[in-house]
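Number of protein chains: 2
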Amino acid sequence: EKENFVITPRATDYSQWYQDVIQAAQMVDQSPVKGCMVIRPWGMAVWDELKDELNRRIKETGTQNAYFPLFIPMSFLSKEAEHVEGFAKECAVVTHHRLCADPSGKGLMADPEAKLEEPLIVRPTSETIIWDMFRKWISSYRDLPLKVNQWANVVRWELRTRPFLRSAEFLWQEGHTAHASKEEADGCAREMLDVYAEVAEGILAIPVVKGTKSPSERFAGADETYTIEALMQNGWALQSGTSHFLGQNFAKAFDVKFQNADQSAELVWATSWGVSTRLLGALVMTHSDDAGLVLPPQVSPVQVVIIPVGRGKKENDEKKVTAALKSQGIRYKVDDSRDNMKPGPKFYEWERRGVPLRVEVGPRDVDANKVRGEDDGRGDLPFDQTNFAQDIKKQLQDIQTGLLDAARKRLEENTKTVASYDELKTKLENGETGFFLVPWKDDAVNEETIKTETKATIRCFPFAHNGPGAVNGKKCFYSGKDATHMALFARAF
Amino acid sequence: EKENFVITPRATDYSQWYQDVIQAAQMVDQSPVKGCMVIRPWGMAVWDELKDELNRRIKETGTQNAYFPLFIPMSFLSKEAEHVEGFAKECAVVTHHRLCADPSGKGLMADPEAKLEEPLIVRPTSETIIWDMFRKWISSYRDLPLKVNQWANVVRWELRTRPFLRSAEFLWQEGHTAHASKEEADGCAREMLDVYAEVAEGILAIPVVKGTKSPSERFAGADETYTIEALMQNGWALQSGTSHFLGQNFAKAFDVKFQNADQSAELVWATSWGVSTRLLGALVMTHSDDAGLVLPPQVSPVQVVIIPVGRGKKENDEKKVTAALKSQGIRYKVDDSRDNMKPGPKFYEWERRGVPLRVEVGPRDVDANKVRGEDDGRGDLPFDQTNFAQDIKKQLQDIQTGLLDAARKRLEENTKTVASYDELKTKLENGETGFFLVPWKDDAVNEETIKTETKATIRCFPFAHNGPGAVNGKKCFYSGKDATHMALFARAF
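As you go down the protein sequences, you meet chains L and H in turn. Using our numbering, the first residue of the first sequence is number 1, and each one after it goes up by one. Using our numbering, the first residue of the second sequence is number 1, and each one after it goes up by one.
Bound-form chain L, shown alone (with noise of 0.2 Å):
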């Protein structure tokens, strides 16, 4: 590992330094496969952190976990118009089942006499096998609602890729209900945005604008589709989650239907919602600086890094920080076991890596009541057996509420609103940045054309200022007509 990394500032390559921190603090290294990312073990523990809060949350909805085939029949993808239209242009397709000796003599080919009857896609989403799977499961109204979540692996071809924020292959997780009414299954989306609204905001220090997309940006096969957006340090939007009421196309695709409380069939509602390890990339681009990764606690692998310093009986220091930050629950890494490496190397790695508290522990500095803070301002920290660790604990909830506020902040000081095309167009090709909410009438080719010349989309109609009365009165900011949503546009990644 080169211990000397120079990390790109923000301000000479905003890309570049996007990709030195998540290099720099070990999260992701590229693959020899195109497109396919490895995650290291850093990034994998940040992962497995916000998993386990998504997870204990998911199955608070009374959704349970299950798992389905990673490989999804050619056909099955057919059967719902819109969404093999979203997908057949950038999937993985499987063809053959054994490999054999190329007859040129150098290495292996697919086997031409073990070709699949039916190609298989590698599943890009699983709407069509889940659906084709509660055919088999729901029979009556006593079936649901039927909710289950998969943690997996899926694969969507992309030529232009990106670590976290746009890959061929990506960890997600993808929950799939199926309702006996269009208002149960209409709730359970919008309840899902709201966990994960609440995950994004509690556990990552994300602030995000929940709303509606606009139907030219919903997903394949979709009748609504509601978003979680927030906005990265350089003024452009992520998407960072999205919820979908599927209406009864997937119910009529696959043929799945109930008998009601009345003994007379009807088709099934549906909703499925995900988020993707790109909240990783959302994180990077929230809180990091050019110093490096800047992790909130919450979801940080490691809050709090010892490092000893000086020699003599700073074991026994140790072991006493230790105990006390292990019983208040402080996840904490004693860095001792790289003796080749001086403390302040030490410092900038954990640094670069984002741990929130890096404190020294040397000879003598636990009876003299005190451990070191590195953090400029804070100095050093008192300390004794009963209140240290408390201490410990509130700084780490005051750095969580920090880079929530800060960051909440940011976003409001950027949403801002135009009062006319032409302003946007010409603060956007002026360099600004941001939020920008208009009153809008909604039209997929007015739309379009915005976006050729522009390169901002509606990232979503704001659930904040689409309430009733909103647009009363209210003329798109495009076309003059009466508006019908208040519209956020922005650049997004």
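Honestly, the hints are just simulated from the structure, not real lab data. Please read all numbers here as calculations on a predicted model, not as lab measurements. Any given hint could turn out to be false.
The list makes no distinction among identical chains, and a pair is therefore deemed to hold if it is satisfied within one copy or across any two copies.
Stated by the list, open to error - No more than 30 Å apart at the CA atoms, straight line, and that leaves these computed lysine-lysine pairs for DSS-like:
hint, residue 1, residue 2
1, Lys136, Lys346
2, Lys147, Lys326
3, Lys34, Lys257
4, Lys427, Lys441
5, Lys106, Lys252
6, Lys257, Lys342
7, Lys475, Lys416
8, Lys59, Lys320
9, Lys34, Lys252
10, Lys147, Lys342
11, Lys59, Lys326
12, Lys342, Lys136
13, Lys51, Lys147
14, Lys34, Lys115
15, Lys34, Lys147
16, Lys451, Lys474
17, Lys210, Lys451
18, Lys257, Lys346
19, Lys147, Lys333
20, Lys393, Lys346
21, Lys346, Lys59
22, Lys59, Lys319
Following the hints, complete the assembly by docking chain H onto the known chain L.
Relative to the frame of chain L, chain H by itself:
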């Protein structure tokens, strides 16, 4: 769901009994993709309990979780000669990255214009891609040992499949480690086998025999394969976990060297080790009976199910009971939401699903200091706030111990010896099963002959019977030559 599902008795058709048990317990379902299973919530919850237990122990050995790509470039497979031999004939091959409309006008096809330059293999195991990354991560002895693990899906194309036991896709963990010395690597492989045995016996209540595989049964690319072998109720063996000492084979194939303390370059030593959802098959076939699944409490998602009976002030009673269970960290479920089901069928269903304890709580039961345990012979349980949950906990421990003891007794009683190969053949022909421990002179041709003639294979050379001097003066039961090992033969799944 069919409530009156009848489970085929073991004596009638063991194989059908297995299928019936896992279906009646709602652990698994057939998927529309040949050879791929759907793991239903109950099966998934059992796997998740097992996963948590194993994951914690893996981390305690200093191993970190990571994630590597699903796809492996075809050429990687060829780099290790034995490895490719082992896996080329059973892998799913991705050849295209897009679908297009079939010109015949019907449906879709792999787009000929989106053919990959080099086919990708869906990982059957990840040694090759991981060792390609290890080359980037290892340069000095200070980088060693390097120990990573991933929880992932893998695909091995099988023609004859059975849920959990043998399926095209399955879930597993695969650990991969790199070491500076042969001794350390071999020690690591043996340590992980101990971890597997501990989880099999301590959590799943499956007694196992630890040992070394014969050379012809080794993992493709290993210098030595260690295994835990369990004995199912029908007297067949089930390989339940393996750990491989890979020597320097993958280091050579992927050119992974480290600088030792003397500044000279050496090849790295390797291990890999894995257990899979196959363990769930072992679990089912070790404890279950003609009434359905039997789960050891340690791995049961629900340890106690509370079934309310009668009417009256039962809600308060239930609350007292559940509060008591919660205080002891017991996993419980109150089955109170299915008003259309009588207590009888509920009991029957939870029994089929393997819940260790099923208790009914009726009005005034708690006041009367009792709840009814449904398992005969146990009768009413005295209930009072302080002792009830401890009593339940004690019962759960007894059930756990009882299952292990019974399985261990069966394993011991069914481990026997034979004086000659003729005796073995006769016994197997007469339908006798179990483990046969015999002196053996290692010989791949003889091993193959025995397999062809009797379908019995060497499950392992048990550690416990291959200590120093174990074969002194003994002659091979087949060839009559000086024995090299004590070998354990059995029919196996």
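Here's how the hints hold up against the structure:
1. Proximity of lysine 136 to lysine 346 under the C-alpha cut-off of 30 Å is restricted to the inter-copy arrangement: shortest distance 21 Å between copies versus 57 Å within a copy.
2. Taking identical chains as interchangeable, the C-alpha atoms of lysine 147 and lysine 326 lie at most 30 Å apart only when they sit on different chains, with a minimum of 25 Å there against 37 Å within one chain.
3. For the identical chains of this complex, lysine 34 and lysine 257 are inter-copy neighbours only, at 25 Å across copies versus 42 Å inside a copy, given an alpha-carbon limit of 30 Å.
4. For a Cα distance limit of 30 Å, the shortest separation of lysine 427 from lysine 441 inside one copy, 21 Å, qualifies, whereas the shortest one across copies, 83 Å, does not.
5. Only between protomers do lysine 106 and lysine 252 lie at most 30 Å apart by alpha-carbon distance; the minimum there is 20 Å, versus 49 Å within a single protomer.
6. Taking the shortest Cα distances, lysine 257 and lysine 342 sit within 30 Å of each other only across copies (26 Å), while inside one copy they are farther apart (67 Å).
7. Taking the shortest alpha-carbon separations for lysine 475 and lysine 416, only the intra-copy value of 17 Å comes in at or below 30 Å, while the best inter-copy value is 88 Å.
8. For a Cα distance limit of 30 Å, the shortest separation of lysine 59 from lysine 320 across copies, 24 Å, qualifies, whereas the shortest one inside one copy, 38 Å, does not.
9. Within a single copy, lysine 34 and lysine 252 get their C-alpha atoms only as close as 37 Å, which misses the 30 Å cut-off; across copies the closest is 24 Å, which meets it.
10. Proximity of lysine 147 and lysine 342 under a CA criterion of 30 Å is satisfied inter-copy only: 24 Å between copies versus 53 Å inside one chain copy.
11. Both within a single protomer and between protomers do lysine 59 and lysine 326 lie at most 30 Å apart by alpha-carbon distance, with minima of 28 Å and 17 Å respectively.
12. Within a single copy, lysine 342 and lysine 136 get their C-alpha atoms only as close as 62 Å, which misses the 30 Å cut-off; across copies the closest is 24 Å, which meets it.
13. For the homomeric pair lysine 51 and lysine 147, the shortest alpha-carbon distances inside one copy (18 Å) and between copies (22 Å) are both at most 30 Å.
14. For the homomeric pair lysine 34 and lysine 115, the shortest alpha-carbon distances inside one copy (24 Å) and between copies (14 Å) are both at most 30 Å.
15. Proximity of lysine 34 to lysine 147 under the C-alpha cut-off of 30 Å is restricted to the inter-copy arrangement: shortest distance 25 Å between copies versus 35 Å within a copy.
16. In this assembly of identical chains, lysine 451 and lysine 474 lie within 30 Å of each other by CA distance solely inside one copy; the values are 22 Å within and 83 Å between copies.
17. In this homomeric assembly, lysine 210 and lysine 451 come within 30 Å of each other (Cα to Cα) only inside a single copy, at 21 Å, whereas the closest approach across copies is 64 Å.
18. With identical chains, the CA atoms of lysine 257 and lysine 346 are at most 30 Å apart between copies only, with a shortest distance of 26 Å across copies and 61 Å within one.
19. Taking the closest pair of Cα atoms, lysine 147 and lysine 333 come within 30 Å of each other only across two copies (18 Å); inside a single copy the shortest separation is 38 Å, beyond that limit.
20. For the homomeric pair lysine 393 and lysine 346, the shortest alpha-carbon distance inside one copy (22 Å) is at most 30 Å, but the shortest distance between copies (47 Å) is not.
21. Taking the shortest alpha-carbon separations for lysine 346 and lysine 59, only the inter-copy value of 23 Å comes in at or below 30 Å, while the best intra-copy value is 39 Å.
22. When the C-alpha separation of lysine 59 and lysine 319 is checked against a cutoff of 30 Å, the pair qualifies only between copies, where the shortest distance is 21 Å, while the shortest distance within a copy is 37 Å.
The structure is consistent with each of the numbered hints, conforming to all of them.
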